[in-house]
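*Asks:* On the provided structure of chain A, position chain B as indicated by the hints.
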Amino acid sequence: EAQVTQNPRYLITVTGKKLTVTCSQNMNHEYMSWYRQDPGLGLRQIYYSMNVEVTDKGDVPEGYKVSRKEKRNFPLILESPSPNQTSLYFCASSSRTETMNTEAFFGQGTRLTVV
Amino acid sequence: GEDVEQSLFLSVREGDSSVINCTYTDSSSTYLYWYKQEPGAGLQLLTYIFSNMDMKQDQRLTVLLNKKDKHLSLRIADTQTGDSAIYFCAERGGSSNTGKLIFGQGTTLQVKP
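For the protein sequence lines, the chains are A and B, in the order given.
So the first sequence is numbered by the working numbering: it starts at 1 and just counts up by one.
So the second sequence is numbered by the working numbering: it starts at 1001 and just counts up by one.
Because the hints were derived from the structure by calculation, they are not lab data.
Virtual Cβ for every residue (Gly too), placed ideally from N, Cα, C.
Don't take every hint at face value.
[As the list claims (entries may be wrong)] Ranges between beta-carbon positions, derived for each pair:
| no. | chain 1 | residue 1 | chain 2 | residue 2 | range |
| --- | --- | --- | --- | --- | --- |
| 1 | A | T5 | B | K1067 | 35 to 41 Å |
| 2 | A | V54 | B | L1045 | 20 to 26 Å |
| 3 | B | E1038 | A | D38 | 14 to 20 Å |
| 4 | B | S1011 | A | L11 | 19 to 25 Å |
| 5 | B | S1027 | A | K57 | 23 to 29 Å |
| 6 | A | T86 | B | S1011 | 27 to 33 Å |
| 7 | A | T13 | B | Q1110 | 30 to 36 Å |
Only chain B is shown next, with the shape it has when bound in the complex:
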C-alpha cells in the first residue's frame, strides 16, 4: 500500500543547515511535496519535485530525490528561528489518480537561537 514515513523531531541551531528526511513506498508517484505548518495555521506548500528529477533548488531550500531508494529530503540552509514549524512530506496517490495526498507524520523542526 501507499505509505510515507518521516522522523518526528529535529533540533538545530540558528544558522546551521537542517535536513529533513522522508521515505515513501508508492513507486508510481509522479510528484512529491513538502508542506510547512506553522502553529495554529494551515499547510503551506514549500516546494515540490517531479519524479524524473534528482534535485531542485529554490533559494534556501534544496530537495533531493533518490527514486531508487524512494527517499526524499529537504535541506534548509542557514536555518532561522522563523523556520520552526512542522514539515510534512507528501505524495500524490499516483496509482489511483484520485488526487489524494498521502502525508508523512510530520517532522517538528525546532530552531534554537
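Excised from the complex, chain A in its bound form:
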C-alpha cells in the first residue's frame, strides 16, 4: 500500500530538548516536504527536498532542520524546541515532474506539544 508514515503521532516534550520526527514514503517519490498546521493559518511549508541531498527552506524554516540522505526518508529535526513550535506537523511526498502537477500524499500527522 502506497503511504507516507510519520512517527511519532503524538509527542509532548520540554523546551530545549532536541527531537526528531521521522517521515518515510514507499512510493519512490523524489519530492518530499514538511508542513505545519495551525488554527486559522492552514498549512505552511517548513522545508522541502527535490531529491536526495537536495533540501531548501520553505516559508517558516526557523527553528527546524531536515536531512535527505536516502530517497525514502525525510526527518524533521528540532534542535531546541520552543513552545511556539507546538503544532500539527505533516510530511508529504510526490513524484517530481517538470510542472510539479502531481498529487501530494500526506502522512497522518504528528501532534507536537512543547511545554
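*Replies:* For chain B alone, coordinates are given in the frame of chain A:
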C-alpha cells in the same frame, strides 16, 4: 505574493448542497486542488482542476474555476454526515516551480442530520 483565502466555517443540513469558496492571488498557478481532512487524519486529495478549465465534475463533486476573478469553488451535492471535515483549497506555487503547495486556512464543513 502568493495567498489563498477561504471562509472558516460552513453548516448545512444533510441532503443539501454545500458550496465552499476560495480565492487565490497567484495568476501563474496551473493547478488548483481541494483536499479533505477528517478528524485525526492527514490530508486526502479530493479533486483538482487545471487552470485552462472552467469546470470539472466528479460524482457528487463539482469544481468551478473563474480564472479572471481568481475564484475557485467546490460544490458537494447531496451532502452527507460523512462529508463533515475540514476542506482545504491549495495551489501549486506556479511562479517558483518548487512544488510548494499554498493552502488556504481551511473551511470546516458541519453537516447536520
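*Asks:* Could you run down the list of hints and mark each one as holding or not?
*Replies:* Going through the hints against the structure:
1. One distance hint, 35 to 41 Å for the beta-carbon pair T5/A and K1067/B, holds here, with the actual separation near 37 Å.
2. For V54/A and L1045/B, the Cβ-Cβ distance of about 24 Å falls inside the hinted range of 20 to 26 Å, so the restraint holds.
3. For E1038/B and D38/A, the hinted distance range of 14 to 20 Å is satisfied, since their beta carbons lie about 18 Å from each other.
4. For S1011/B paired with L11/A, a C-beta distance near 33 Å fails the hint of 19 to 25 Å.
5. Hint check: S1027/B to K57/A, Cβ distance near 24 Å, so the stated range 23 to 29 Å holds.
6. Distance hint check for T86/A and S1011/B: the Cβ-Cβ separation is about 29 Å, which falls inside the suggested range of 27 to 33 Å.
7. A hinted range of 30 to 36 Å holds for the C-beta pair T13/A and Q1110/B, which are about 33 Å apart.
Hint compliance for this structure: hint 4 alone is broken.
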